[in-house]
Amino acid sequence: MISTAPRSEFSITGLPDPRAWGSARREEASVHAPVAADASPLLRIKGVTLEYRTPERVVRATHRIDLDIHQGDRFVLLGPSGCGKSTLLKAAAGFLRPVEGEITLGGVPVREPGPDRIVVFQEFDQLPPWKTVAQNVAFPLRAARALGRREAAERARHYIDKVGLTRFADSYPHQLSGGMKQRVAIARALAMQPKVLMMDEPFAALDALTRRRMQEELLSLWDEARFTLLFVTHSIEEALVVGNRVALLSPHPGRVRAEINSHAFDLTSIGSRDFQDAVQRLHSRLFEAAPEPAGSTGGSA
Amino acid sequence: MSEASLAGRPLVPPIRPEYDHVLAPFVEAPVERVLPFSTRLWQQDWLRKGLIIVALVLVWEGLARWQDNDLLLPGFGATMAALVEGLVNGELLDRVRISLVVLLQGYVCGIVLAFLLTTLAVSTQFGRDLLSTLTAMFNPLPAIALLPLALLWFGLGSGSLIFVLIHSVLWPMALNTYAGFQGVPETLRMAGRNYGLRGPSYVIQILIPAALPAILSGLKIGWAFAWRTLIAAELVFGASSGRGGLGWYIFQNRNELYTDRVFAGLVLVVVIGLVIENVVFAAFERLTVRRWGMAR
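First to last, the protein sequences are chains A and B. Residue numbering for the first sequence follows numbering that gives the first Met the number 0, starting at 0 and increasing by one per position. Residue numbering for the second sequence follows numbering that gives the first Met the number 0, starting at 0 and increasing by one per position.
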């Protein structure tokens, strides 16, 4: 299939065994005994082509994407703008229908948005401003009829504590900073205990210091709860730090260029040699000149 | 261009010594200060607006004394006397009650119709076209211009009044509500659908609260339109089955040249408008959109 060719090409270019990359591996550092995940993927994206319509034309956002996301994965979609990574995430969340191919969650085709795939968006206005932090976290639990009023409030408290916003439980979103709003969005998503937690450039609108802290917090939350994460970013560093596996998409239309393992890296490895090498490798693939399509006439220069 | 670069040498900023202070706790001055009492007092809305009203009353009273003709322009004192008299003997209160009952009927009907029309408009293309065509046609049409027709169709009664009231409330309300629904951020819509909300529960739990600022301003505009339409309509044909509202009171007293009572009626029209705007709507705003940071 389409995606196998670049994958093998990538291994030819000399990617070392990821186990040799880092010393302090997150998986090993964890107190939990590693549990072997189910062999079949939880979220399967199979030959998915996505298109969207503008008033004048139909634009192909992604072309026959194949990706397997397993239970407990921190799967990152990395690519430049225009590679359809956000569109792909929205399709997996059920907001868009593929024109070709299929997306299945636990073997069941994804047809519409649902509370088993909670999305954390980049924009801060994803939180209804008329609800306090506690109400915001409890709202999806109530809306999806997952829990009764009291149980929902209790679970909301629990996850608000987890993201360190206990003091702000009764504040309204407009009284919070951007980082705090994203924490609420994450707490809200975790409280739902979705099958897959989806994050669409969740930290892109934050300042650099806050972003770093949020990545750290997300990783420690993952260490604790071991949820399945599908994470979209355009930052190479963020992809390597947050993900255990990174899919690199090429733009116009989005196709899978490579999939690499990044479970060896965390925030402490940012300065390390291996990390810089990995960044360089991804960087060169992101910014390589697009190969001339056969029969094309002339370059852009 | 600086002289240095003109001379061919690149501009280089001076290199200064570094320093590293250990900052002692800040004690020289308090970090926060309370504003002086007069400043805080002046920030009170009611005080500034009250002063404006007092100034207007003074101008009015001055003009009236200078004019010295109670038939043309009664002063503030005479108007207040007529107002108190009307309120004490119950006549004015009765007129106000009649007006408000009719007004509320028309207002509520108009709002319900506006919501139906807007719901249709957000859900179908036909509804959108219907709403935009109807509002383009009828919004500029003064409600009073429909009164002769209404009288023909519904006769001399509250039916005609309610008809013109609905007309005056429906279009601005529908326009505002629709604009409010359109303005709900895409992310919030997606979040709502992500929670599995659909149909009526999606509209009630996401769209309406998110559009509340626009809906509120529609309610306010609708209220003002309805109130002025009602008074004007009552002035034109007034009594429904022998019992007129506030507009009819003004009209009657003008015919009998009780100018002070005309003024008392007008003052009451203004006061009721102000109270609804500044007490009812303001309280509702404070409890909702202001508290939620959706309006300043």
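Don't read these hints as lab results, they were simulated from the structure. Even for Gly, the Cβ is constructed at its ideal location relative to N, Cα and C. Wrong hints could be hidden among the right ones.
[Claimed, not checked] Covered by chain B, per the in silico footprint, the following chain A stretches (three or more residues, Cβ under 8 Å): (1) 108-122; (2) 126-134; (3) 137-150; (4) 166-178.
[Claimed, not checked] Simulated pairs of lysine to any residue, SDA-like, Cα-Cα distance not exceeding 20 Å: (5) A:130 x B:93; (6) A:194 x B:189; (7) A:130 x B:204; (8) A:130 x B:189; (9) A:161 x B:200; (10) A:130 x B:200; (11) A:161 x B:203; (12) A:161 x B:289; (13) A:130 x B:207; (14) A:130 x B:152; (15) A:45 x B:202; (16) A:194 x B:292; (17) A:130 x B:286; (18) A:130 x B:183; (19) A:130 x B:40; (20) A:45 x B:285; (21) A:194 x B:251; (22) A:130 x B:269; (23) A:130 x B:186; (24) A:130 x B:195; (25) A:130 x B:212; (26) B:219 x B:269; (27) A:130 x B:184; (28) A:45 x B:295; (29) A:45 x B:207; (30) A:194 x B:195; (31) A:45 x B:203; (32) A:130 x B:227; (33) A:130 x B:202; (34) A:161 x B:184.
[Claimed, not checked] FRET-style restraints, in silico, Cβ to Cβ: (35) B:140 x A:101: 51 to 57 Å; (36) A:80 x B:39: 30 to 36 Å; (37) B:56 x A:176: 44 to 50 Å; (38) A:234 x B:21: 31 to 37 Å; (39) B:22 x A:67: 52 to 58 Å; (40) A:80 x B:276: 27 to 33 Å.
Hint check:
{"no.": "1", "hint": "108-122", "in the structure": "holds (count 9)"}
{"no.": "2", "hint": "126-134", "in the structure": "holds (count 4)"}
{"no.": "3", "hint": "137-150", "in the structure": "holds (count 4)"}
{"no.": "4", "hint": "166-178", "in the structure": "holds (count 4)"}
{"no.": "5", "hint": "A:130 x B:93", "in the structure": "violated, 42 Å"}
{"no.": "6", "hint": "A:194 x B:189", "in the structure": "holds, 18 Å"}
{"no.": "7", "hint": "A:130 x B:204", "in the structure": "holds, 11 Å"}
{"no.": "8", "hint": "A:130 x B:189", "in the structure": "holds, 17 Å"}
{"no.": "9", "hint": "A:161 x B:200", "in the structure": "violated, 30 Å"}
{"no.": "10", "hint": "A:130 x B:200", "in the structure": "holds, 16 Å"}
{"no.": "11", "hint": "A:161 x B:203", "in the structure": "violated, 31 Å"}
{"no.": "12", "hint": "A:161 x B:289", "in the structure": "violated, 29 Å"}
{"no.": "13", "hint": "A:130 x B:207", "in the structure": "holds, 13 Å"}
{"no.": "14", "hint": "A:130 x B:152", "in the structure": "violated, 48 Å"}
{"no.": "15", "hint": "A:45 x B:202", "in the structure": "violated, 34 Å"}
{"no.": "16", "hint": "A:194 x B:292", "in the structure": "violated, 33 Å"}
{"no.": "17", "hint": "A:130 x B:286", "in the structure": "holds, 12 Å"}
{"no.": "18", "hint": "A:130 x B:183", "in the structure": "holds, 16 Å"}
{"no.": "19", "hint": "A:130 x B:40", "in the structure": "violated, 32 Å"}
{"no.": "20", "hint": "A:45 x B:285", "in the structure": "violated, 51 Å"}
{"no.": "21", "hint": "A:194 x B:251", "in the structure": "violated, 73 Å"}
{"no.": "22", "hint": "A:130 x B:269", "in the structure": "violated, 36 Å"}
{"no.": "23", "hint": "A:130 x B:186", "in the structure": "holds, 16 Å"}
{"no.": "24", "hint": "A:130 x B:195", "in the structure": "holds, 18 Å"}
{"no.": "25", "hint": "A:130 x B:212", "in the structure": "holds, 15 Å"}
{"no.": "26", "hint": "B:219 x B:269", "in the structure": "holds, 15 Å"}
{"no.": "27", "hint": "A:130 x B:184", "in the structure": "holds, 16 Å"}
{"no.": "28", "hint": "A:45 x B:295", "in the structure": "violated, 48 Å"}
{"no.": "29", "hint": "A:45 x B:207", "in the structure": "violated, 38 Å"}
{"no.": "30", "hint": "A:194 x B:195", "in the structure": "holds, 15 Å"}
{"no.": "31", "hint": "A:45 x B:203", "in the structure": "violated, 37 Å"}
{"no.": "32", "hint": "A:130 x B:227", "in the structure": "violated, 36 Å"}
{"no.": "33", "hint": "A:130 x B:202", "in the structure": "holds, 16 Å"}
{"no.": "34", "hint": "A:161 x B:184", "in the structure": "violated, 28 Å"}
{"no.": "35", "hint": "B:140 x A:101: 51 to 57 Å", "in the structure": "holds, 54 Å"}
{"no.": "36", "hint": "A:80 x B:39: 30 to 36 Å", "in the structure": "violated, 50 Å"}
{"no.": "37", "hint": "B:56 x A:176: 44 to 50 Å", "in the structure": "holds, 48 Å"}
{"no.": "38", "hint": "A:234 x B:21: 31 to 37 Å", "in the structure": "holds, 36 Å"}
{"no.": "39", "hint": "B:22 x A:67: 52 to 58 Å", "in the structure": "holds, 54 Å"}
{"no.": "40", "hint": "A:80 x B:276: 27 to 33 Å", "in the structure": "violated, 48 Å"}
Taken one by one, the earlier hints fail for this structure at numbers 5, 9, 11, 12, 14, 15, 16, 19, 20, 21, 22, 28, 29, 31, 32, 34, 36 and 40, listed in ascending order.
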